[in-house]
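Its first residue numbered 0, the sequence shown is counted upward by one per residue in numbering that gives the first Met the number 0.
These are computed hints drawn from the structure, not numbers from a lab. Quantities reported herein were computed from a predicted structural model and do not represent experimental measurements. Keep in mind that the hints are not guaranteed to be accurate.
Claimed, not checked - Think about it this way: if two alpha-carbon atoms lie no more than 27 angstroms apart in a straight line, the pair counts; the simulated DSS-like pairs of lysine-lysine are:
1) 190 - 270
2) 270 - 236
3) 236 - 190
4) 1 - 84
5) 236 - 1
6) 290 - 84
7) 1 - 190
8) 224 - 236
9) 224 - 270
10) 190 - 224
Said to hold, decoys possible - FRET-style restraints, in silico, Cβ to Cβ:
11) 259 - 103: 19 to 25 angstroms
12) 176 - 2: 19 to 25 angstroms
13) 17 - 102: 40 to 46 angstroms
14) 36 - 109: 33 to 39 angstroms
15) 292 - 30: 34 to 40 angstroms
16) 166 - 77: 37 to 43 angstroms
Every residue, glycine too, gets a C-beta built ideally from N, C-alpha and C.
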Amino acid sequence: MKQPFPVQAQQFYEHPELIEQLPLYECDRENPQAVWSTVEAVRPELYALLAVATKDVFGRAVDNIDETPPFGLVGHFGETVTEVKNLSQLRNNLRSTLGYALTSSLQDGDNQVIYNRLDYLREFFASACDEAYYDDNSFLMTAGIQTAAVAATASLEAINVLARQANPTINPTDVLEIARHSQAVVNKMSKSSLNHVGSALVTVRQVRGETAESWISEVDSLGIKQDVAGSQRVDFKEPIRKTQCPFQELGIKIGSIPMQLAVIGCPATVKFDGVSAIDQLWSWSVDIADKANLFDPQRNYAAPADVRILTLS
């Protein structure tokens, strides 16, 4: 299959029987050029399967909200979270909640055709690329889930700070409305390099009058934008450049040249039935921030050390 991975993902979602018809692949480490070609050809299939699996994981987390009130969150030991004090805690609770949803998905027999194929591709990529995080499907998916939680809470932090920079007396309800309209920024963060998450947070630190370390050479700043209807949102001031997308370093070389592959997108941003996993996560995160009064200007959103952790995650 040569379609872009979102197209493949839709096909797998609507016709899971197609997954069982996919071919097997060979990995001859004595022929690096052949390995390169095969890896490049297979990656859209991997991303497509991850998109369907991610929808399953995020859907489970959201579907279980009523079972763990008031936020639908669980802690690292599975305990129900009854208070969210700041965005740093929210980030950690989202990670643990999505981690439990991932474990549930991997153990559920309903979607084993997806996870069996992911397991096969994981073994292929592990043998081809020596990637440690391909040790099992949990490791394969955890990095993306962690990044989604970081992107969501980083975006909420930026909205809190930038909204009050634009209007120091803005009330929490108006900040909430800006957050509701700012879904695009978390999608862009998820699709792009972590440097862009870092650059947004470096900008936040500068807005707060703090010294920002030079983690990146260029700062893509965020700002408040307003549409013709008067609705405000936080978004990147400039388009994210594809040249800044990250590269995945492979554990093989052609001659003395290390193999690198550009990231081709984010599986969590693929829409199924009009909604993506990131869409679900963002709506949920904004609802939690609202319930926990995290848009209240008197709340301590995140300490500078938390901002640093977010940037380097």
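Results for each hint:
1. Taking the CA atoms of residue 190 and residue 270, the gap is about 13 angstroms. The hint holds against a cut of 27 angstroms.
2. About 25 angstroms separates the Cα atoms of residue 270 and residue 236, which keeps this hinted pair within 27 angstroms; it holds.
3. Distance hint between residue 236 and residue 190 is fulfilled; the C-alpha atoms sit about 16 angstroms from each other, no more than 27 angstroms.
4. Our distance criterion of 27 angstroms between C-alpha atoms is broken by residue 1 and residue 84, whose separation comes to about 47 angstroms.
5. Taking the CA atoms of residue 236 and residue 1, the gap is near 34 angstroms; set against the 27 angstroms cutoff, the hint is violated.
6. For the proposed pair residue 290 and residue 84, the alpha carbon gap of about 11 angstroms is at most 27 angstroms, so the pair holds.
7. Straight-line distance between C-alpha atoms of residue 1 and residue 190 comes to about 21 angstroms, which keeps the hinted pair within the 27 angstroms bound.
8. Among the hinted pairs, residue 224 with residue 236 is consistent with the structure: their alpha-carbon atoms are about 8 angstroms apart, no more than 27 angstroms.
9. Taking the CA atoms of residue 224 and residue 270, the gap is near 25 angstroms; set against the 27 angstroms cutoff, the hint holds.
10. In summary, the hint linking residue 190 to residue 224 is supported, as the alpha carbons are separated by about 20 angstroms, within the 27 angstroms threshold.
11. At roughly 35 angstroms, the beta carbons of residue 259 and residue 103 sit outside the given window of 19 to 25 angstroms.
12. Between residue 176 and residue 2 the CB atoms are about 38 angstroms apart, so this pair departs from the stated range of 19 to 25 angstroms.
13. Checked against the given bound of 40 to 46 angstroms, the beta carbons of residue 17 and residue 102, roughly 26 angstroms apart, lie outside it.
14. For residue 36 and residue 109, the hinted distance range of 33 to 39 angstroms is satisfied, since their beta carbons lie about 35 angstroms from each other.
15. Taking 34 to 40 angstroms as the suggested C-beta distance range, the pair residue 292 and residue 30 does not conform, at roughly 59 angstroms.
16. About 41 angstroms separates the C-beta atoms of residue 166 and residue 77, a value consistent with the hinted range of 37 to 43 angstroms.
Hints 4, 5, 11, 12, 13 and 15 from the list above are not met by this structure, while the remaining hints are.
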